[in-house]
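Residue numbers (our numbering), protein chains in the order written: chain A, 1 to 592; chain V, 1 to 592.
Treat the hints as calculated values from the structure; they're not laboratory data. Worth double-checking, as some hints may not be accurate.
[Claimed, not checked] A short, non-exhaustive set of chain V residues, derived as facing chain A with CB atoms under 8 Å:
{"#": "1", "residue": "Val85"}
{"#": "2", "residue": "Ala520"}
{"#": "3", "residue": "Lys557"}
Predicted model, so just to flag it, every value in this text is computed and none were measured. Even for Gly, the Cβ is constructed at its ideal location relative to N, Cα and C.
2 protein chains.
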Amino acid sequence: MADYRVPLQDMRFVLFDVLQSPRLWQSLKGLGEVDADTAAAVIEEAAKICEQVIAPLNREADEVGCQWADGEVTSPPGFREAYQVFNEGGWGGLGGNSAYGGMGMPKSLVSAVEEMLQGACMSFGLAPMLTAGACLALDAHGSDQLKALYLPKMYSGEWSGSMDLTEPHAGTDLGMIRTRAEPQADGSYRVNGTKIFITWGEHDMAENIIHLVLAKLPDAPAGTRGISLFLVPKFIPAADGSLGARNAFSCGALEKKMGIKGSATCVMNFDGAQGWLVGEVNQGLACMFTMMNYERVVVGIQALGTAQWAYQNAVAYARERVQSRSPTGPQNPEQEADPLLVHPDVRRMLLTAKAYNEGGRAFYVYVAQWLDTAKYTDDADLRTRAQNRVALLTPVAKAFISDTAFESAVACQQVFGGHGYIREWGQEQFVRDIRITQIYEGTNGIQAMDLMGRKTVAADGALLAEYLTEIRDFITADATALAQLSLADSLNAAVNTLDDITRDLIARAAINPCDIGAAAVEYLHVLGHVSYAYLWAKMACTAKAGEASVFLDSKIKTAQFYFAHLLPRIEGLTASLKQGSGTLMALADEQF
Amino acid sequence: MADYRVPLQDMRFVLFDVLQSPRLWQSLKGLGEVDADTAAAVIEEAAKICEQVIAPLNREADEVGCQWADGEVTSPPGFREAYQVFNEGGWGGLGGNSAYGGMGMPKSLVSAVEEMLQGACMSFGLAPMLTAGACLALDAHGSDQLKALYLPKMYSGEWSGSMDLTEPHAGTDLGMIRTRAEPQADGSYRVNGTKIFITWGEHDMAENIIHLVLAKLPDAPAGTRGISLFLVPKFIPAADGSLGARNAFSCGALEKKMGIKGSATCVMNFDGAQGWLVGEVNQGLACMFTMMNYERVVVGIQALGTAQWAYQNAVAYARERVQSRSPTGPQNPEQEADPLLVHPDVRRMLLTAKAYNEGGRAFYVYVAQWLDTAKYTDDADLRTRAQNRVALLTPVAKAFISDTAFESAVACQQVFGGHGYIREWGQEQFVRDIRITQIYEGTNGIQAMDLMGRKTVAADGALLAEYLTEIRDFITADATALAQLSLADSLNAAVNTLDDITRDLIARAAINPCDIGAAAVEYLHVLGHVSYAYLWAKMACTAKAGEASVFLDSKIKTAQFYFAHLLPRIEGLTASLKQGSGTLMALADEQF
Chain A
1 MADYRVPLQD
11 MRFVLFDVLQ
21 SPRLWQSLKG
31 LGEVDADTAA
41 AVIEEAAKIC
51 EQVIAPLNRE
61 ADEVGCQWAD
71 GEVTSPPGFR
81 EAYQVFNEGG
91 WGGLGGNSAY
101 GGMGMPKSLV
111 SAVEEMLQGA
121 CMSFGLAPML
131 TAGACLALDA
141 HGSDQLKALY
151 LPKMYSGEWS
161 GSMDLTEPHA
171 GTDLGMIRTR
181 AEPQADGSYR
191 VNGTKIFITW
201 GEHDMAENII
211 HLVLAKLPDA
221 PAGTRGISLF
231 LVPKFIPAAD
241 GSLGARNAFS
251 CGALEKKMGI
261 KGSATCVMNF
271 DGAQGWLVGE
281 VNQGLACMFT
291 MMNYERVVVG
301 IQALGTAQWA
311 YQNAVAYARE
321 RVQSRSPTGP
331 QNPEQEADPL
341 LVHPDVRRML
351 LTAKAYNEGG
361 RAFYVYVAQW
371 LDTAKYTDDA
381 DLRTRAQNRV
391 ALLTPVAKAF
401 ISDTAFESAV
411 ACQQVFGGHG
421 YIREWGQEQF
431 VRDIRITQIY
441 EGTNGIQAMD
451 LMGRKTVAAD
461 GALLAEYLTE
471 IRDFITADAT
481 ALAQLSLADS
491 LNAAVNTLDD
501 ITRDLIARAA
511 INPCDIGAAA
521 VEYLHVLGHV
531 SYAYLWAKMA
541 CTAKAGEASV
551 FLDSKIKTAQ
561 FYFAHLLPRI
571 EGLTASLKQG
581 SGTLMALADE
591 QF
Chain V
1 MADYRVPLQD
11 MRFVLFDVLQ
21 SPRLWQSLKG
31 LGEVDADTAA
41 AVIEEAAKIC
51 EQVIAPLNRE
61 ADEVGCQWAD
71 GEVTSPPGFR
81 EAYQVFNEGG
91 WGGLGGNSAY
101 GGMGMPKSLV
111 SAVEEMLQGA
121 CMSFGLAPML
131 TAGACLALDA
141 HGSDQLKALY
151 LPKMYSGEWS
161 GSMDLTEPHA
171 GTDLGMIRTR
181 AEPQADGSYR
191 VNGTKIFITW
201 GEHDMAENII
211 HLVLAKLPDA
221 PAGTRGISLF
231 LVPKFIPAAD
241 GSLGARNAFS
251 CGALEKKMGI
261 KGSATCVMNF
271 DGAQGWLVGE
281 VNQGLACMFT
291 MMNYERVVVG
301 IQALGTAQWA
311 YQNAVAYARE
321 RVQSRSPTGP
331 QNPEQEADPL
341 LVHPDVRRML
351 LTAKAYNEGG
361 RAFYVYVAQW
371 LDTAKYTDDA
381 DLRTRAQNRV
391 ALLTPVAKAF
401 ISDTAFESAV
411 ACQQVFGGHG
421 YIREWGQEQF
431 VRDIRITQIY
441 EGTNGIQAMD
451 LMGRKTVAAD
461 GALLAEYLTE
471 IRDFITADAT
481 ALAQLSLADS
491 LNAAVNTLDD
501 ITRDLIARAA
511 INPCDIGAAA
521 VEYLHVLGHV
531 SYAYLWAKMA
541 CTAKAGEASV
551 FLDSKIKTAQ
561 FYFAHLLPRI
571 EGLTASLKQG
581 SGTLMALADE
591 QF
């Protein structure tokens, strides 16, 4: 199969040319020192490790998986060594708080590194990803003492992080969790309970593993208002960071999964484990949500990174494999047949993946820029606008990128014909791995409910209105170029369609609350498609304005493909959305 | 996980009430003795074996797989015993020629048995499926001597069948095969070459395995016109059927696959193996196509059968698993939360699977009825019409049923949240297993090319026109009922949309041959959606005319869901189809 190659040129195009991140960074306090040269050097160095050290582990990790014995977990071959290399480069702390040893880089740069890390090997990438997520929650809500003790070791990767939310009977509905935390005289807590689906909850790569555990105090209110967050380390460190006693919890088993088999998905049993409160009592869910906006975007990025490799693998195959002749006559007369790439349907599949991948890349950088703005600006109005945009688009980044990445990987598998189903070609692994990104960190249905319910209906469409104003301003400002590219009318029409259907849905939701859930997923797909149209239009305009090249020309052509063949999907989605929830709710339970 | 239950009530509804198969059978020579009672008894008996003997093997077969050692293949636990039970019931010969020991049942009945067999365990079901396919080709094209020697043993299952087409460099493009057949003085041939992806090419369930092998004679013309078909048995039988010498071929390896792991996917090496010509020299591909119309429908049926179990499993989970509250307030106040089934988005996913599965079941029976008509009628005009309908709809039955089954299984996996990704819940296996049905027996892209190129453009739309006339006649005849069900306008509009886009595509194909391939897959999905709309409308009319019941009411409501939320997808598809192939072909090879 084709080696993974970090799409550096595409990343630079989006980061520097289309979305002009350096200009943003220089406008924000604390990011002013990050310039294009620094950023370019960062992604180039990260690319070397991802291509040379991490990506080569991906296949074998899927075959061998993690091994459990007596509560210990052995990671797949090469993971320990790669983890060392990754940490020696300081990559774990790239976006971390510089007051505690992090490098303080903007999310809009870190996200590109996340794409390549996750694209090279999702199973491996999950370990630093979970650690970074735990650091975010700790940095935002932990006491100074906890931060000083834990953050430096976690940024360095010496200690890894893990998030312990789900329980056997409580996944989406965390209000039902049963894990208990009893306060102790010394200010710490004793945690008892069972958590499942804990990614890298136990392993042999780091010397300590720091669990952030959701649990309830004995007197906690029922439901989500009674959840608190606790830091529960595998080994309890002394104040100088040296490791002390083994804490009272263990990994009871590993799950057997469809994919990401190289990662450990642990059942964790807490038997009076010592933990420390993070944030306020009963504010655990709020503490988790601090990191959720970041983490959910990363799940989309994971999916995209993997779909990118799937695309590269399929393109390589479509160039090499000869089968049948072009519809316009032999293109390759000296051989028995033409390469697959001559066939329109093969191009359709590859372009679907290309357009979604590259649209998704621009989209995640765009969202990450708003995350940076929200975090670093000292302009209160701008901060509010940025927070609103992040709130609106985070569920889209998680769900739409992962849904389209799954579709792309399936299409790229299809390019291989029968060979796509055979493990040695690697393509089927991508499909199995990406599938989880539609499920974890809140299923895509839950993301869509968040978008439709809290972010749209409850906000009476205000967040979307701000976003549409930005897009319409762009359409006005770049009207000439968009018209010359033949994109103006379609983009305008798509924005109006989204606007109309949003008003319609908000009005209907006031009458029938079932209409929210009934519409959610399709609505998210409409918003996703319009967002990608916006970013493809931006990319095409940037490409048109640049010095003509094969690369820039491909951006324009891919934009035109996107507008011709993918954006029209909103027609079918809105036709369904207009039908409301009636036929969904009509069946009695026993009629299923 | 939920046990597999054959949807007998649904099958009877389609077979007897909606499509009135007994009336058809009684009009056809050779099928007159098959009545509703016989047919009902057949599917009930078959259901017992599928539920009790075969379905329980499905999970372990996936875990254990087939084992290869020194050319011998050991089937998964229980397969040998189940194979005996299946054959003792005579099920292998259900559709077989009664002149050679088959039971001569109509395809429209056999197809229901195929659904349950494949739904219970695809990996197991592939063995009888390949045998039945080989029997069809042999019955249609073999000499009387070959038929008399082989068919009875194959119908009984004592000997199994296998189809050997693909080679490492030649999949879709069979014109490139290199396997050679040298004529011998005794009238037989010596076959040399390597075949890959040979399902159940070697195993321990039957005492002999009969391979139908595509190969080229030394003086054969190039390409597909030089392919001949050979029967190559594992053990060469004497005239009395007793087994003789081991033939000179062997299984070199098994493929490791994404799914259907319980089936053996063999590399077969033919080293001067003795074989006998089936049909005329250089007519091998035509001989294969005799069975293809049958086999391709079965691939769709496989997918559907598996998606049906995925649906049953998801419904059971959605009833039992409680998580969060209904948008209309607690439905289950005595418990901590409501069942998943209260949530509109969960219903959307389940209804998508239900509507596609039940629409697909009606569709395969409908196509099978035309296969029966084509085979058994003595009315030449009717035979032509039936052959045309089969030609038009076979690629749709293969590709659309499998595409929608895959989508359904993915949706049903999503219902489980994180548990859907864990192997023990069984749901992820269905997704992996179904995925192959979109690929083998001609990828769905190839099916779409067949539909769009040969069956539509080359026929100048004549085959579709006959089909649309039938649908429009139905709309006219059942106008009142359709209007009362609120289905009339949508069905009419969908038929007109299909009609219009077909004319448009035929006109454009004359100018630009790339437009055929560019449109193919989306066009097939339009035709599929309109076909299901036709059959859902028929089902709803039948249900409306029957005595009111919970079951019939669910058919009406599911039809209305289909029309409200799935049929509208043709809006997006046709919007894309109108854009032609321009943006697909614009990119130079290096721009991918």
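Each hint, compared with the structure:
A cut of 8 Å between beta carbons decides the hint on V:Val85: the least distance to chain A is about 29 Å, and the hint is violated. Taking 8 Å as the C-beta contact cut-off toward chain A, the hint placing V:Ala520 at the interface holds, the least distance being around 6 Å. Hint on V:Lys557 holds. Least Cβ distance to chain A is approximately 5 Å, under the 8 Å limit.
Comparing the model with each numbered hint stated earlier shows that hint 1 is the single one that does not hold.
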